[in-house]
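S.K.: One-letter residues, chain by chain:
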Amino acid sequence: MANPAKITVRQLAANGRLPLPAADTIDTTGVVPILGADMAARVGSLVLEVLSTSAPQSITVLQGDNPPAARQSLGNLVLNCDAVRASLATALAGADNDLVFTAVNGGVAGNAITITYTDAGPGQALAVGVVGTDIDVTLETDGAGAIQSTAADIATEIAATPAAAALVTAVNAAGNDGSGVVIAMVQTPLAGGASASYILGPFDGSQLLQDDGSLQLSCVVVAGQTMTVRCYQAPKAV
Amino acid sequence: MANPANLTVTDLVANDMVAQPVADVIDTDGLVPILAADLGGATGRIVIEVVNGDAVNALDVTVVHGENPPAVREGIGSHVERLAASGAGIFGPYEAARFINADGTMDVGFATVLGVNATATVRAYLLPKAV
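Quick note, the sequences are listed as chains L and G, same order. Per our numbering: the first sequence = residues 337 to 574. Per our numbering: the second sequence = residues 661 to 791.
Hints listed in this document are in silico derivations from the structure and should not be mistaken for laboratory results. All figures in this text were calculated on a predicted structure; none of them were measured in a lab. Glycine residues also receive a C-beta, built at the ideal position from the N, C-alpha and C atoms. Be a bit skeptical, because a hint or two may be false.
Stated by the list, open to error - Covered stretches of chain G (in silico footprint by chain L; criterion: 3 or more residues with CB under 8 Å from a CB of chain L, positions within the stretch not fixed):
no., segment
1, 673–684
2, 702–710
3, 728–735
4, 784–791
In isolation and in its complexed conformation, chain L is listed as follows (with noise of 0.2 Å):
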């Protein structure tokens, strides 16, 4: 995997049609130009489709070098292009025991996360097991079997399992305090993760632009997924 060497600027057409382009594909967080050769410094009529399949992924538009770019302390411009997270808010029997898992990683891979909390009978610890994408909770009961743990606990002990935490977080849902005494819960997935897109741009020059008169994309890009990216220039009068 390998991102281009730079993205493609393709000229929006006065009065016609520019075929959708084929995107550009940034697999790999690292820095990306857009020449200054491509674009004429024109960075006011530039225009970015982005399509992300993750989160957290973000371009962020490296400030300028000064001249020419005499407002580039103004900073970096942060784009976060995150993908929709997958989530389940649980919905217990009983009072304040609910909570929200949330994947850590947006898009369509957090659908296959799963929530399970298990019963497994008197004298249990709370403990979460994970293979895969399955998260198993087993929950605490005490010698009788009745069960101990409440959804604070849960949520505790799923941030404190780096191969849960690393998956999702847990959180009270709205309503819930987090006191209440969950109950036994079957393989749930997390559902709603989705890629996203965004339009980005045009840009301040004179915050962004390098004395090159490129440029510099800083993309952030979660391992093994994607930003895909369509650059538009639109002319410079019509």
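Got chain L; can you put chain G on it based on the hints?
M.R.: This is chain G only, laid out in the frame that chain L set:
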């Protein structure tokens, strides 16, 4: 089936980003305007993304010439492009002197080649005035 009353225009913001908007859905041959209030006379900053949703039939997209006045060059005519089946294109920006109507609107037409109703998704963006 009905086309939207007008194409939705998403304003792009300098040094910022917007989530890709939900596309307008075209399901019928015909003209759909971009409203004057959305366009602000700035045909020179409008960009229209059209995706032909028909996997069999080509789609003719027509940006219709304006009225004179104010479009003194309307006699050059409309801009007509044919999108292949499942094809997509980025249209514009456009010259006001050719394409704007007397009421400040701009009309975009959709028609399939073989007479079945058009199926397309459309997103229109307005670039900011100056950056």
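S.K.: Determine for every hint whether it applies to the structure shown.
M.R.: Cross-check of the supplied hints:
Only residues whose beta carbon comes within less than 8 Å of a beta carbon in chain L count, and the segment 673–684 of chain G has 7; three or more means the coverage holds. For the segment 702–710 of chain G, the stated coverage by chain L holds: 5 residues have a C-beta nearer than 8 Å to a C-beta of that chain, and at least 3 were required. Chain L is given as covering the segment 728–735 of chain G, and this is violated because 0 residues of the stretch bring a CB closer than 8 Å to a CB of that chain, at least three being needed. Against chain L, the segment 784–791 of chain G contributes 5 residues with a C-beta closer than 8 Å to a partner C-beta. That satisfies the three-residue criterion, and the hint holds.
Checked against the numbered hints above, the structure violates only hint 3.
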